[in-house]
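A.B. asks: Protein chains in written order, with my numbering: chain A, 108 to 342; chain B, 108 to 342; chain C, 481 to 698; chain D, 481 to 698.
Hints listed in this document are in silico derivations from the structure and should not be mistaken for laboratory results.
Computed from a prediction, not measured in an experiment: that's the story for all the values here.
By construction, the Cβ of each residue, glycine as well, lies at the ideal position given by its N, Cα and C atoms.
Hints may contain errors.
[To be verified] So the derived list for chain D, only partly shown, Cβ under 7 Å to chain A, looks like this:
1) Asp498
2) Tyr501
3) Gly519
4) Asp521
5) Leu531
6) Gly534
7) His538
8) Ala556
9) Lys558
10) Ala560
11) Ile562
12) Met571
13) Arg573
14) Gly574
15) His576
16) Pro694
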Amino acid sequence: MSGFDKVVSDYAEAMHGLTDGMTVIAGGFGLCGIPEGLISQIKRMGTTGLTVVSNNCGVDGFGLGVLLEDRQIKKMISSYVGENALFEQQLLTGELDVELTPQGTLAEKMRAGGAGIPAFYTATGYGTPVGEGKDVKHFDGRPYILEPSITGDFAIVKAYKADRYGNCIYRHTAQNFNPMAATAGKITVVEVEEIVEPGELDPAHIHTPGIYVDRVIQGTFEKRIERKVTAKENR
Amino acid sequence: MSGFDKVVSDYAEAMHGLTDGMTVIAGGFGLCGIPEGLISQIKRMGTTGLTVVSNNCGVDGFGLGVLLEDRQIKKMISSYVGENALFEQQLLTGELDVELTPQGTLAEKMRAGGAGIPAFYTATGYGTPVGEGKDVKHFDGRPYILEPSITGDFAIVKAYKADRYGNCIYRHTAQNFNPMAATAGKITVVEVEEIVEPGELDPAHIHTPGIYVDRVIQGTFEKRIERKVTAKENR
Amino acid sequence: MALSREQIAMRVAQEFKDGSYVNLGIGIPTLAANYVPPGIDVMLQSENGLLGMGRYPHEDELDADMINAGKETVTAIKGASIFNSAESFAMIRGGHVDFTVLGAFEVDVNGNIASWMIPGKLVKGMGGAMDLVAGAKNIIVTMTHADKHGNSKLLPACKLPLTGVNCITRIITDLAVLEVKDGAFHLQERAPGVSVAEIKEKTAGKLVAADNVPEMQV
Amino acid sequence: MALSREQIAMRVAQEFKDGSYVNLGIGIPTLAANYVPPGIDVMLQSENGLLGMGRYPHEDELDADMINAGKETVTAIKGASIFNSAESFAMIRGGHVDFTVLGAFEVDVNGNIASWMIPGKLVKGMGGAMDLVAGAKNIIVTMTHADKHGNSKLLPACKLPLTGVNCITRIITDLAVLEVKDGAFHLQERAPGVSVAEIKEKTAGKLVAADNVPEMQV
């Protein structure tokens, strides 16, 4: 089954084909479950004019935040700016085009993009700035807005383990947006902690079937913690 | 956490509240992964005028097919009549109202119903009898039809294991429509092969989180095989 | 006297019913988890994909892959489930979460809420708040009755960009418990020692109060 | 001579590229799995929720929970994945399946296909066929060129209720391989010993054929 072997050996090969002006969908929530090495590779490549779809844009100096430093990102589609000062600054100065999108709508847009559903109705955002200019339809007397799906030229994903065929599992809450991102890229690249042989993952518990995955690369991860909070009570 | 204990002790309690004219969403594909005991309970209750949403309607004398015998079903929403003679006969005589729905659209309608999405666009069925009378919209030059979601008064589901909180896992291809059905019932009842204690199932590999589940009952299953085909070659 | 943050959280926790699935926003809402009354069990949903959120971890349990929606390190209870963001918001949008508790900048008499943006000043993004107010069965807003300049946050009409429309039915502030219906704030309870007159004065939107308004039990 | 079912299946299998994800309908399409050329690997998707379908089971491997979309007992290969029906059709609808092979009652010069219903006679339901023809990247229709009464199944316009519109680009019958484009059937290959004239005669829709049409290699 060598035709299904998705493993690539270096980051250049992993992100081969990424060019200026492309759309990149990235998994991760805050700094949790982010494809650290693939992001570094994009920084190294210096690709510019990117549209990046990701719930957050990392923090200053880590995660997707590093792509803001060299102005590689033209537009962010995110739900949360949070405490990323450079993100907020580039947003307020208008340097960066930001399409703030509710978190659940963002997740569903990625899923819909991967699933061949071009648009869906949701109550989320009706009557708010998010709903402005969008098609409204009533169902059972309640107003909903039409939200188009999202697909990307590339999807960059962080998984825990993947087999050579690209079947992936995620660890704990590092799952987050990764499975949806994986479905929505024309080229989907997965960076993993461990590559295993086909048959090692339980077929019934695979989070992302390999059909969505084009390339798999073994990564090393810093796994920075954004907010370390520990229990005050003794055990 | 007794408030989260969903386990009920008998079938009467499991299907309590089902009344004439209700909509029941059922998991299962053919005879695989069907809630055998819950179906028997509906037959025992003699509830009539039901709308049943299920990919198939069992076979003559087994699965949902038994509900056709006493004319308990007023309407079926299914993708496949197949070799169920009584189903086909009641359809052709007009005794049974049948809304034939493409399999993928049916699965997505259930998922959307559970996920608070009232309708979505799909290319499936455009230009066919399925698309007749439905809203059409073009995206990227291609026509799509608007499909409304489905919810039910009850959802009846077959799982492999569930814990007391209603977290479920499915076995092999007995998963099929069950996870979507589970999300789309006002009251969701799950019949399982084994009830386990909370903590026994790996949190990252639960197929149906307990939040969707109202009642869990231990069942016994015949698991009839519809088409037994075996390998001709020797090992 | 006006309630402390902890007391507001205590009063919020009294709303929960046994067996409730609850999503708590950052700040006062999160504190409510500490004050769930005896005999009542709730399960916490964190919208990044965790149902059955537990306590904070001890040092040796710290795990970068185990966080909540506030990006804090957490643990999971026995019987928890972990899933992707689409599934998490399917739960929320589909109305499967029983209670959502969140903060706000402003709420008005029509149940509109503004909580995510102050134009020209503060842009944090809406995160999951718009989905939560559009989806949850019961939404409880917790906030101080007035901002730090003394301006009422309970208005005839929200001025800031909205998070959701006609969705807020219950508000718990440092001064009062209010129900929102029929275009008015209906005073249900007042903080111990706080008069109806004071609450009326600090409520810019229409306030309806009975003759006898009981004190909160906190 | 017209091809046998097995020969049609053989010719279908020549279409597959190494590393293709393939969904095979019931009947001749399923047979194609037996004739995949050496050096080519395909992974079979079964729309009830299985990617990486394997051979039929031996008696001692029989498992009621392990079936394919034809409801037959099957096995899974190493590296298979199993998932729910919504996920399965997300793959199909989203264009992730490379090849779909299915049977048909009729196909017309505009790439329309009818395969699921004969009014008043046969109502089996469309199953997953409508999703498959709307979603897959390459769709191959396999069927006999004419029905058992000798009537052509390649028409100027389908008469039966449609399964999908403008979606069929490739047809493999017992007589020919045809491409559908620009409102005509374009003859690519003919069955060994079958003349272009015979194919033309048995094709009711417009047929375009070059002077030299090669024979199929089966």
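A.B. asks: All hints, please: hold or fail.
C.D. replies: Hint by hint, here is what the structure shows:
| no. | hint | verdict |
| --- | --- | --- |
| 1 | Asp498 | 4 Å, holds |
| 2 | Tyr501 | 5 Å, holds |
| 3 | Gly519 | 9 Å, violated |
| 4 | Asp521 | 5 Å, holds |
| 5 | Leu531 | 5 Å, holds |
| 6 | Gly534 | 11 Å, violated |
| 7 | His538 | 19 Å, violated |
| 8 | Ala556 | 6 Å, holds |
| 9 | Lys558 | 3 Å, holds |
| 10 | Ala560 | 5 Å, holds |
| 11 | Ile562 | 5 Å, holds |
| 12 | Met571 | 6 Å, holds |
| 13 | Arg573 | 3 Å, holds |
| 14 | Gly574 | 4 Å, holds |
| 15 | His576 | 5 Å, holds |
| 16 | Pro694 | 27 Å, violated |
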